[in-house]
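Peer 1: The primary structure of each chain is shown beneath.
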Amino acid sequence: MKIFAIMKKELQSFFYSPVAYIVFASFLMIVGYLFWVILISSRMASLEPMLYNAAFILLLASPVLTMRLVSEEKKSRTIELLLTSPISPAEIITGKFLACFTLYLVLILLTVQYPLVLSAYSTEFDMGPVYSGYIGLILLGAAFISMGLFASTLTENQIIAAMVSFGGLVLFWIFGWAKHAFDNAFGEILGNLSIFDRYAEFLRGIVDSGNVIFFVVFTLTWLFLATRVLESDRWR
Amino acid sequence: MIEMTNITKFYDNFRALNNINLKVEKGEIIGLLGPNGAGKTTAMRILTCFIPATSGSASVAGYDVFEDSLEVRRRLGYLPETPPLYPEMTVGSYLNFIGELRELSAGKRRERINYVAERIGLTECLTRVIGTLSKGYRQRVGLAQALLHNPEVLILDEPTVGLDPSQIIEIRGLVKDLARDHTIILSTHILTEVSMTCGRVVIINEGEIVAVDSVANLERAVSGKPAWNICIRPAAGKDWRQLVEMHTGAGISDLVEMPETLHFKLNLEKAEDFDDLFRNLTGAGHVLREITPVKATLEDVFLKLTSAEERKEAA
Numbered sequence: 003m004k005i006f007a008i009m010k011k012e013l014q015s016f017f018y019s020p021v022a023y024i025v026f027a028s029f030l031m032i033v034g035y036l037f038w039v040i041l042i043s044s045r046m047a048s049l050e051p052m053l054y055n056a057a058f059i060l061l062l063a064s065p066v067l068t069m070r071l072v073s074e075e076k077k078s079r080t081i082e083l084l085l086t087s088p089i090s091p092a093e094i095i096t097g098k099f100l101a102c103f104t105l106y107l108v109l110i111l112l113t114v115q116y117p118l119v120l121s122a123y124s125t126e127f128d129m130g131p132v133y134s135g136y137i138g139l140i141l142l143g144a145a146f147i148s149m150g151l152f153a154s155t156l157t158e159n160q161i162i163a164a165m166v167s168f169g170g171l172v173l174f175w176i177f178g179w180a181k182h183a184f185d186n187a188f189g190e191i192l193g194n195l196s197i198f199d200r201y202a203e204f205l206r207g208i209v210d211s212g213n214v215i216f217f218v219v220f221t222l223t224w225l226f227l228a229t230r231v232l233e234s235d236r237w238r
Numbered sequence: 025m026i027e028m029t030n031i032t033k034f035y036d037n038f039r040a041l042n043n044i045n046l047k048v049e050k051g052e053i054i055g056l057l058g059p060n061g062a063g064k065t066t067a068m069r070i071l072t073c074f075i076p077a078t079s080g081s082a083s084v085a086g087y088d089v090f091e092d093s094l095e096v097r098r099r100l101g102y103l104p105e106t107p108p109l110y111p112e113m114t115v116g117s118y119l120n121f122i123g124e125l126r127e128l129s130a131g132k133r134r135e136r137i138n139y140v141a142e143r144i145g146l147t148e149c150l151t152r153v154i155g156t157l158s159k160g161y162r163q164r165v166g167l168a169q170a171l172l173h174n175p176e177v178l179i180l181d182e183p184t185v186g187l188d189p190s191q192i193i194e195i196r197g198l199v200k201d202l203a204r205d206h207t208i209i210l211s212t213h214i215l216t217e218v219s220m221t222c223g224r225v226v227i228i229n230e231g232e233i234v235a236v237d238s239v240a241n242l243e244r245a246v247s248g249k250p251a252w253n254i255c256i257r258p259a260a261g262k263d264w265r266q267l268v269e270m271h272t273g274a275g276i277s278d279l280v281e282m283p284e285t286l287h288f289k290l291n292l293e294k295a296e297d298f299d300d301l302f303r304n305l306t307g308a309g310h311v312l313r314e315i316t317p318v319k320a321t322l323e324d325v326f327l328k329l330t331s332a333e334e335r336k337e338a339a
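These protein sequence lines map, in sequence, to chains A and B. 223 is the number that the numbering used here gives to position 221 of the first sequence; each next residue is one higher, with no gaps. 205 is the number that the numbering used here gives to position 181 of the second sequence; each next residue is one higher, with no gaps.
Read the hints as simulated data drawn from the structure, not as lab findings. Keep in mind it's a predicted model, so treat the numbers as computed, not measured. A portion of the hints provided could be inaccurate.
What the hints assert, rightly or not - Listed below are the simulated DSS-like cross-link pairs for lysine-lysine, each with C-alpha atoms no more than 25 Å apart in a straight line:
| # | chain 1 | residue 1 | chain 2 | residue 2 |
| --- | --- | --- | --- | --- |
| 1 | A | Lys77 | A | Lys4 |
| 2 | B | Lys50 | B | Lys289 |
| 3 | A | Lys10 | B | Lys289 |
| 4 | A | Lys77 | A | Lys10 |
| 5 | B | Lys47 | B | Lys328 |
| 6 | B | Lys262 | A | Lys77 |
| 7 | A | Lys4 | B | Lys132 |
| 8 | B | Lys159 | A | Lys76 |
| 9 | B | Lys159 | B | Lys132 |
Unchecked claim - Quick partial rundown of chain B residues pointing at chain A, CB under 10 Å, derived from the structure:
| # | residue |
| --- | --- |
| 10 | Asn42 |
| 11 | Asn43 |
| 12 | Asn45 |
| 13 | Glu91 |
| 14 | Leu94 |
| 15 | Leu100 |
| 16 | Tyr110 |
| 17 | Pro111 |
| 18 | Ser117 |
| 19 | Ile122 |
| 20 | Leu125 |
| 21 | Arg126 |
| 22 | Leu267 |
| 23 | Glu269 |
Just so you know, even glycine gets a beta-carbon here, dropped at the ideal spot from N, CA and C.
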C-alpha cells in the first residue's frame with residue numbers, strides 16, 4: 003500500500019532527525035512537572051488540570067512536528083518525485099497525516115503513567131474523566147496535526163508553515179471568548195468553533211457525539227484542503 | 025510512444041514553450057538540446073505530469089498526460105534536474121521506498137534494487153546514508169530511482185551533470201543499452217553527449233523547436249560546401265599558391281605559414297576538384313602532410329540555428 007509506504011518513510015525521517023526526540027523530551031518534561039506541581043499544590047487526585055495544560059503544550063509543540071511534512075519536500079524538490087509517481091495527493095496527505103498522528107499517539111501513551119499513579123495511590127479516583135479526557139486529547143491531536151499539515155502544504159519555508167499553523171490553532175483555541183463579547187448568533191457561531199471549549203467538555207467527563215463529530219469534521223476538512231493545495235500545484 | 029501537439033506553456037506572462045510538436049517512436053533516444061532557459065525542463069515536466077501545459081495536448085504510451093495522468097506516471101521513469109533524494113535515508117531504504125511507490129511487490133523490489141544497483145555501480149553504497157554521498161553518487165541514486173520499475177519511457181533531465189569523465193562514459197553506455205527496450209528523452213546542453221547517445225536531436229531555443237533531425241543530417245545541413253584542412257611542405261622554388269588557386273578559384277582561407285610547412289583551409293565548389301589538385305601538388309614536388317575534411321560540429325549547428333532564430337526575432 004502506497005499510503006503505508008509514505009507513512010513508514012515519514013516515521014523514519016521523524017526519528018532520523020532530532021526533532022521528534024526533542025519534542026518528546028520537552029513535552030514529557032513539562033507534563034511531568036505539571037503533574038507534580040499540580041498534585042502537590044491542590045492535593046486532589048484529578049487529572050483534569052494536567053490534561054488541560056498538556057493540551058496547550060501540544061498546541062505549541064504540534065506545529066514543530068507538522069511544519070516539515072510537505073514544505074521540506076517542496077524545498078528539496080522531492081515533491082517532484084512524489085507528484086510524478088503513481089500516487090495521488092490524497093494518498094500522500096493521508097500517509098503523512100497517519101505518520102504524524104502515530105507519533106502523537108506514542109507521545110500521549112507516554113503520559114499514561116500519571117493516571118495510573120493516581121489510581122494506585124488514591125482511594126476514590128474516578129477513571130471516567132481520564133478516559134474521556136484521553137479521547138479528547140487524541141481527537142485534539144488529530145485536529146492540530148491536520149491544520150499543521152495544511153499549513154505545511156502552503157509554503158516551502160518550514161518557519162512560515164509553523165507560524166501559520168500556530169496562529170491558526172491559537173485562533174481556534176480562543177474563538178470561544180467571543181461568546182462573552184457578543185451575546186448574539188455571531189458570538190454563538192464563533193463559540194461553536196472553539197476547539198478549547200469542546201476539549202474542556204471531554205475533561206469534565208462528557209463525551210458528546212457533537213464534539214466528536216466536530217473534531218472529526220475539523221480534521222477531515224483541513225486534510226481535504228491540504229490535498230487540494232497539493233493538487234493545485236499541478237494546475238498552476 | 026510520446027506525442028506532444030501544439031504545446032504552449034506560460035508562466036504568468038513569460039512564454040516558456042511555444043507551440044511544440046514532437047513525436048517520439050518506441051525505442052528512440054531523443055536529445056533535447058538548448059541553452060539554459062530554453063524550455064527543456066518545462067517540456068519534460070509537462071510530459072511527467074508535474075505541471076500542465078497552458079494549451080495543447082501530450083500523450084505518453086497512448087495515455088493523455090492530463091486525462092490519464094496516473095497511467096502515464098506508471099509508465100514513466102523521471103530523473104529531475106535535482107535528483108529527488110531524502111538525505112537522511114540510506115540508498116537501500118530509499119530505493120525500497122521508491123519501489124513501494126512504484127507498486128512493486130517485496131520480492132520484485134529486492135530483485136530490481138539489486139539489479140539496478142549493479143548496473144549503476146551502487147552495490148557497495150546500498151547501506152550508506154544518501155546525505156554522505158558525493159554528487160556523482162547522488163546523481164547515480166537519482167538515475168537508479170528512475171530505472172527501478174523498468175519503465176517504458178525514461179525522461180532524464182541532464183543525467184550526466186556532476187559526474188566525472190569515466191562515470192559519464194559509463195552512464196552514456198547505460199543509456200544506450202537501455203534504449204533497446206525503453207524510449208528515452210534526455211536533455212542536456214553538452215553537445216557531444218547528444219552526438220554520442222541520441223538518435224535524433226531536438227534543438228530548442230526560447231521555447232520553440234528550431235530543428236529536429238539526426239546529428240549527421242544536421243551537421244551536413246550546416247556545413248554546405250566541401251572543405252578540407254590542409255598542411256603541405258612546399259617544394260623549394262615552386263609556387264604552390266598558383267597551383268592551388270588554379271584548381272579552386274582562390275578558395276583558401278585561414279593561412280598559417282610555419283618555417284617548414286603551410287596550413288590552410290581549402291574551400292571547394294565540388295568534391296571532384298580536389299582529386300586534380302592533389303595529383304598536381306604531389307606531381308610538382310610539394311609534400312602533403314595532412315588532409316582532414318572539415319565537418320560542421322554540433323556546436324556549429326547549434327550556434328547557427330539559435331542565432332538564426334535571434335536574427336528572425338530582430339527582423
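Peer 1: Against the structure shown, which of the earlier numbered hints fail to hold, in ascending order?
Peer 2: Numbers 2, 3, 6, 9, 10, 11, 12, 13, 22, 23 - these are the hints that the structure violates, sorted from lowest upward.
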